[in-house]
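*Asks:* Here's the letter readout for the chains.
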Amino acid sequence: MSSTEQGTSSAAPAEPTTAPESAAAPEVPESFYYVHGKDKVVHKVSAGALQHSALIHGMISNLGYTEEQAKANPFPFENIDGDILQMVVDWCNQHKGKPTPPEDTNLPKQKEKLFDLVLAVNYLEIKELLTYCCKQVAMMVKGKSPEEIREIWMIPTDAEDEAAEKEAKKRAGKEAAGETAAAAGDAK
Amino acid sequence: MRIRSFPNLVSRQIIQEMDPSENFMLSKTSKKMKDLVKNNIYKVDQVWMNLNSNWSFVVEIGGKIHNVFDLRAGLAPWEMKWHRFLVNAVMLHPSAVQKYHEILKIHNYICEIFKCESNKISVIDYIENQEFIDEESPRFLMNVDFCHLRILGSRSPTMKTRNLIIEDAKIFVADFIHHYEGQNIVLKNAWLNDRLARLFILNWMLKMKENLVSFIAFQNRQEVFDESSVVNLLNSKRNAITESRVEDWDPEKRDRYFNYDSIIANQNVFPADTFDCEHGYDIVREDGKRATVKVSPNHFMFFVWP
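Chain order of the listed sequences is A and B. The C-terminal position of the first sequence is numbered 188 in the UniProt record's numbering, with every residue numbered one higher than the one before it. The C-terminal position of the second sequence is numbered 306 in the UniProt record's numbering, with every residue numbered one higher than the one before it.
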């Protein structure tokens, strides 16, 4: 299903295996770029697929990398888990050059995965996929009571919010006091 | 993973994907979520109270009605059942607030999160021409500050409503001439006659309308209102000594324009010269109370000066 190629889990980009070329290859060979997430696994993705991501598209549009340069300089997305990046790459490949359907049923059903996907997609600025994800997140609370929503979306209660705010203030106060003491020490 | 850690644009998109009832429920989870919903909610045109079969709060978005919250059966007052013929606005008198506190609270809350005006409860009107049923008299209506009715049933309990508009008063204008005890009333499409207008003036002279501030009736175009006998009555009271007397406008005694500060002014568009009392007939009672009568074939207006 996916033309994504995975390398080894090393800091340096590994040699990705080439995606099978179609019989009728285009006259101008498609350029490929390389991305990796937190797990350092490198994914080879075509420029066409990456067009879905406004962030990456903006990054690559003026680079003019050769295949070797692109391979040597994979885009690092250290804030995105490897499996999430894989999902994103799969989605971009699947929808390469195609109009996006009104809904996408292949999104993860697990809450944590979906939330991580939302953050990744938002970061990578993939507008259509973000819309699907937001719809899916909204669907999670359809017909639910406030208590159920709180549980599903892990929303803190007012008391928890207040306690967290108090704690943050206390911490900020301590830090400020520490800085003042350090400054006084320096002055001596 | 907590939903609150989403960037604001993502939260906004999620909220925009949710329907009004889901957003209502979400806002109930915490104060911070309520703020989040308020700050990111789509445009809602109006909050309505739907008193059809299932009493509920609904919102109107682009002409479509979306359910927000069903009132529990025990919460909706029995009297409100008979509200359904109201045109569009009911304002609660403070004394009613205690009784209907919870409903008001929900109403105001929904208005707050959907950023709609909360100083009136708008009622969806499904059945027109429904009359009050005596046994089920809507006491609730007696406690409202403002009521806007399309049509009036017989034996209406609205005679004490402080600010009242009746869109299609017709023959019921007589009921209000005789029995209205509120402060400001506007009757449209009225079937006035000279006898009723004279009676109204005499009632006020006899201190039978002590709460009254203004009475405005616009005549139905097909019904003839001969105002001359009203004018004759007023003229006959000029130079009276032992009873109420009639005067022309004296700028030293009152302003030219009546200061109409009823809530009705926010709900109804009046003809430009409605409150210009330059050519009105001033009635001065023995106790010094002053009122101005404006009368023409098209209207009968009565303003009591403070």
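No lab work stands behind these hints, which were simulated from the structure alone. Keep in mind that a hint or two might mislead.
Calculated lysine-lysine pairs in the DSS-like style (CA-CA distance at most 25 angstroms, straight line) [to be verified]:
{"hint": "1", "chain 1": "B", "residue 1": "Lys-115", "chain 2": "A", "residue 2": "Lys-144"}
{"hint": "2", "chain 1": "A", "residue 1": "Lys-98", "chain 2": "A", "residue 2": "Lys-127"}
{"hint": "3", "chain 1": "B", "residue 1": "Lys-105", "chain 2": "B", "residue 2": "Lys-34"}
{"hint": "4", "chain 1": "A", "residue 1": "Lys-144", "chain 2": "B", "residue 2": "Lys-31"}
{"hint": "5", "chain 1": "A", "residue 1": "Lys-109", "chain 2": "A", "residue 2": "Lys-96"}
{"hint": "6", "chain 1": "A", "residue 1": "Lys-109", "chain 2": "A", "residue 2": "Lys-71"}
{"hint": "7", "chain 1": "A", "residue 1": "Lys-142", "chain 2": "B", "residue 2": "Lys-115"}
{"hint": "8", "chain 1": "A", "residue 1": "Lys-135", "chain 2": "A", "residue 2": "Lys-113"}
{"hint": "9", "chain 1": "A", "residue 1": "Lys-127", "chain 2": "B", "residue 2": "Lys-188"}
{"hint": "10", "chain 1": "A", "residue 1": "Lys-113", "chain 2": "A", "residue 2": "Lys-144"}
{"hint": "11", "chain 1": "A", "residue 1": "Lys-142", "chain 2": "B", "residue 2": "Lys-31"}
{"hint": "12", "chain 1": "B", "residue 1": "Lys-160", "chain 2": "B", "residue 2": "Lys-188"}
{"hint": "13", "chain 1": "A", "residue 1": "Lys-111", "chain 2": "B", "residue 2": "Lys-32"}
{"hint": "14", "chain 1": "B", "residue 1": "Lys-28", "chain 2": "A", "residue 2": "Lys-135"}
{"hint": "15", "chain 1": "B", "residue 1": "Lys-64", "chain 2": "B", "residue 2": "Lys-28"}
{"hint": "16", "chain 1": "A", "residue 1": "Lys-166", "chain 2": "B", "residue 2": "Lys-253"}
{"hint": "17", "chain 1": "B", "residue 1": "Lys-289", "chain 2": "A", "residue 2": "Lys-111"}
{"hint": "18", "chain 1": "A", "residue 1": "Lys-127", "chain 2": "A", "residue 2": "Lys-38"}
{"hint": "19", "chain 1": "B", "residue 1": "Lys-160", "chain 2": "A", "residue 2": "Lys-142"}
{"hint": "20", "chain 1": "B", "residue 1": "Lys-34", "chain 2": "A", "residue 2": "Lys-111"}
{"hint": "21", "chain 1": "B", "residue 1": "Lys-170", "chain 2": "B", "residue 2": "Lys-160"}
{"hint": "22", "chain 1": "A", "residue 1": "Lys-127", "chain 2": "B", "residue 2": "Lys-38"}
{"hint": "23", "chain 1": "A", "residue 1": "Lys-144", "chain 2": "B", "residue 2": "Lys-289"}
{"hint": "24", "chain 1": "B", "residue 1": "Lys-253", "chain 2": "B", "residue 2": "Lys-207"}
{"hint": "25", "chain 1": "B", "residue 1": "Lys-289", "chain 2": "B", "residue 2": "Lys-160"}
{"hint": "26", "chain 1": "A", "residue 1": "Lys-113", "chain 2": "A", "residue 2": "Lys-71"}
{"hint": "27", "chain 1": "A", "residue 1": "Lys-166", "chain 2": "A", "residue 2": "Lys-113"}
{"hint": "28", "chain 1": "B", "residue 1": "Lys-34", "chain 2": "A", "residue 2": "Lys-144"}
{"hint": "29", "chain 1": "B", "residue 1": "Lys-160", "chain 2": "B", "residue 2": "Lys-115"}
{"hint": "30", "chain 1": "B", "residue 1": "Lys-64", "chain 2": "A", "residue 2": "Lys-135"}
{"hint": "31", "chain 1": "A", "residue 1": "Lys-135", "chain 2": "B", "residue 2": "Lys-207"}
{"hint": "32", "chain 1": "B", "residue 1": "Lys-188", "chain 2": "B", "residue 2": "Lys-237"}
{"hint": "33", "chain 1": "B", "residue 1": "Lys-43", "chain 2": "A", "residue 2": "Lys-142"}
{"hint": "34", "chain 1": "A", "residue 1": "Lys-135", "chain 2": "B", "residue 2": "Lys-289"}
{"hint": "35", "chain 1": "B", "residue 1": "Lys-28", "chain 2": "B", "residue 2": "Lys-115"}
{"hint": "36", "chain 1": "B", "residue 1": "Lys-289", "chain 2": "B", "residue 2": "Lys-207"}
{"hint": "37", "chain 1": "A", "residue 1": "Lys-144", "chain 2": "B", "residue 2": "Lys-32"}
{"hint": "38", "chain 1": "B", "residue 1": "Lys-32", "chain 2": "B", "residue 2": "Lys-115"}
*Asks:* It remains to establish, for every hint, whether it holds in the given structure.
*Replies:* Each hint, compared with the structure:
Taking the CA atoms of Lys-115 (chain B) and Lys-144 (chain A), the gap is about 23 angstroms. The hint holds against a cut of 25 angstroms. Under the criterion of a C-alpha separation no larger than 25 angstroms, the hint pairing Lys-98 (chain A) with Lys-127 (chain A) is consistent with the structure, at around 14 angstroms. Proposed proximity of Lys-105 (chain B) and Lys-34 (chain B) is supported: the alpha carbons are some 15 angstroms apart, at most 25 angstroms. Between Lys-144 (chain A) and Lys-31 (chain B), the direct Cα distance comes to roughly 18 angstroms. Compliance with the 25 angstroms bound is thereby established for this hinted pair.
For the suggested pair Lys-109 (chain A) and Lys-96 (chain A), the alpha carbons sit about 23 angstroms apart, so the restraint of at most 25 angstroms is met. For the suggested pair Lys-109 (chain A) and Lys-71 (chain A), the alpha carbons sit about 33 angstroms apart, so the restraint of at most 25 angstroms is broken. As the CA atoms of Lys-142 (chain A) and Lys-115 (chain B) are separated by approximately 22 angstroms, the hinted pair is consistent with the 25 angstroms bound. In summary, the hint linking Lys-135 (chain A) to Lys-113 (chain A) is supported, as the alpha carbons are separated by about 15 angstroms, within the 25 angstroms threshold.
Between Lys-127 (chain A) and Lys-188 (chain B) the CA atoms are separated by roughly 55 angstroms; this puts the pair beyond 25 angstroms, and the hint is violated. Our distance criterion of 25 angstroms between C-alpha atoms is met by Lys-113 (chain A) and Lys-144 (chain A), whose separation comes to about 21 angstroms. Only pairs whose Cα atoms come within 25 angstroms are accepted, and Lys-142 (chain A) paired with Lys-31 (chain B) is accepted, the gap being roughly 20 angstroms. A C-alpha spacing of about 18 angstroms is found between Lys-160 (chain B) and Lys-188 (chain B), which places the hinted pair at or below 25 angstroms, so the restraint holds.
Between Lys-111 (chain A) and Lys-32 (chain B) the alpha-carbon distance is near 21 angstroms, which keeps this suggested pair within the 25 angstroms criterion. Restraint check for Lys-28 (chain B) and Lys-135 (chain A): satisfied, since their Cα atoms lie roughly 20 angstroms apart, inside the 25 angstroms limit. Proximity of Lys-64 (chain B) to Lys-28 (chain B) is assessed by CA-CA distance (about 24 angstroms); at most 25 angstroms being required, the pair is judged to hold. Taken as a hint, the Lys-166 (chain A) and Lys-253 (chain B) pair is broken in the structure, with Cα atoms around 64 angstroms apart against an allowance of 25 angstroms.
The suggested pairing of Lys-289 (chain B) with Lys-111 (chain A) is violated, with an alpha-carbon distance near 73 angstroms, which exceeds 25 angstroms. Between the alpha carbons of Lys-127 (chain A) and Lys-38 (chain A) the distance comes to roughly 22 angstroms, so the proposed pair stays at or under 25 angstroms and holds. Of the supplied pair hints, the one linking Lys-160 (chain B) and Lys-142 (chain A) is violated, its CA atoms being roughly 45 angstroms apart against a limit of 25 angstroms. Between Lys-34 (chain B) and Lys-111 (chain A), the direct Cα distance comes to roughly 22 angstroms. Compliance with the 25 angstroms bound is thereby established for this hinted pair.
Restraint check: the Cα-Cα separation between Lys-170 (chain B) and Lys-160 (chain B) comes to about 19 angstroms, which is no more than 25 angstroms; the hinted pair holds. Between Lys-127 (chain A) and Lys-38 (chain B), the direct Cα distance comes to roughly 24 angstroms. Compliance with the 25 angstroms bound is thereby established for this hinted pair. Taking the CA atoms of Lys-144 (chain A) and Lys-289 (chain B), the gap is near 61 angstroms; set against the 25 angstroms cutoff, the hint is violated. At roughly 21 angstroms between alpha-carbon atoms, Lys-253 (chain B) and Lys-207 (chain B) fall within 25 angstroms of each other, so this suggested pair holds.
Between Lys-289 (chain B) and Lys-160 (chain B) the alpha-carbon distance is near 22 angstroms, which keeps this suggested pair within the 25 angstroms criterion. At most 25 angstroms may separate the alpha-carbon atoms for a hinted pair to count; Lys-113 (chain A) and Lys-71 (chain A) exceed this at roughly 28 angstroms. With a CA separation close to 31 angstroms, the supplied pair Lys-166 (chain A) and Lys-113 (chain A) exceeds the 25 angstroms bound. As the CA atoms of Lys-34 (chain B) and Lys-144 (chain A) are separated by approximately 16 angstroms, the hinted pair is consistent with the 25 angstroms bound.
Restraint check for Lys-160 (chain B) and Lys-115 (chain B): the C-alpha separation of about 31 angstroms exceeds 25 angstroms, so the hint is violated. Pair hint Lys-64 (chain B) plus Lys-135 (chain A) holds up; C-alpha atoms about 21 angstroms apart against a cutoff of 25 angstroms. For the hint pairing Lys-135 (chain A) with Lys-207 (chain B), the CA-to-CA distance comes to about 66 angstroms; that exceeds 25 angstroms, so the pair is violated. Note on Lys-188 (chain B) and Lys-237 (chain B): the hinted pairing is violated, with a Cα-Cα distance of about 29 angstroms set against a maximum of 25 angstroms.
About 20 angstroms separates the Cα atoms of Lys-43 (chain B) and Lys-142 (chain A), which keeps this hinted pair within 25 angstroms; it holds. Between Lys-135 (chain A) and Lys-289 (chain B) the CA atoms are separated by roughly 66 angstroms; this puts the pair beyond 25 angstroms, and the hint is violated. For the proposed pair Lys-28 (chain B) and Lys-115 (chain B), the alpha carbon gap of about 16 angstroms is at most 25 angstroms, so the pair holds. For the given pair, Lys-289 (chain B) sits about 10 angstroms from Lys-207 (chain B) by alpha-carbon distance, which is consistent with the 25 angstroms threshold.
Proximity of Lys-144 (chain A) to Lys-32 (chain B) is assessed by CA-CA distance (about 19 angstroms); at most 25 angstroms being required, the pair is judged to hold. The straight-line distance between the Cα atoms of Lys-32 (chain B) and Lys-115 (chain B) is roughly 17 angstroms, inside the 25 angstroms bound, and the hint therefore holds.
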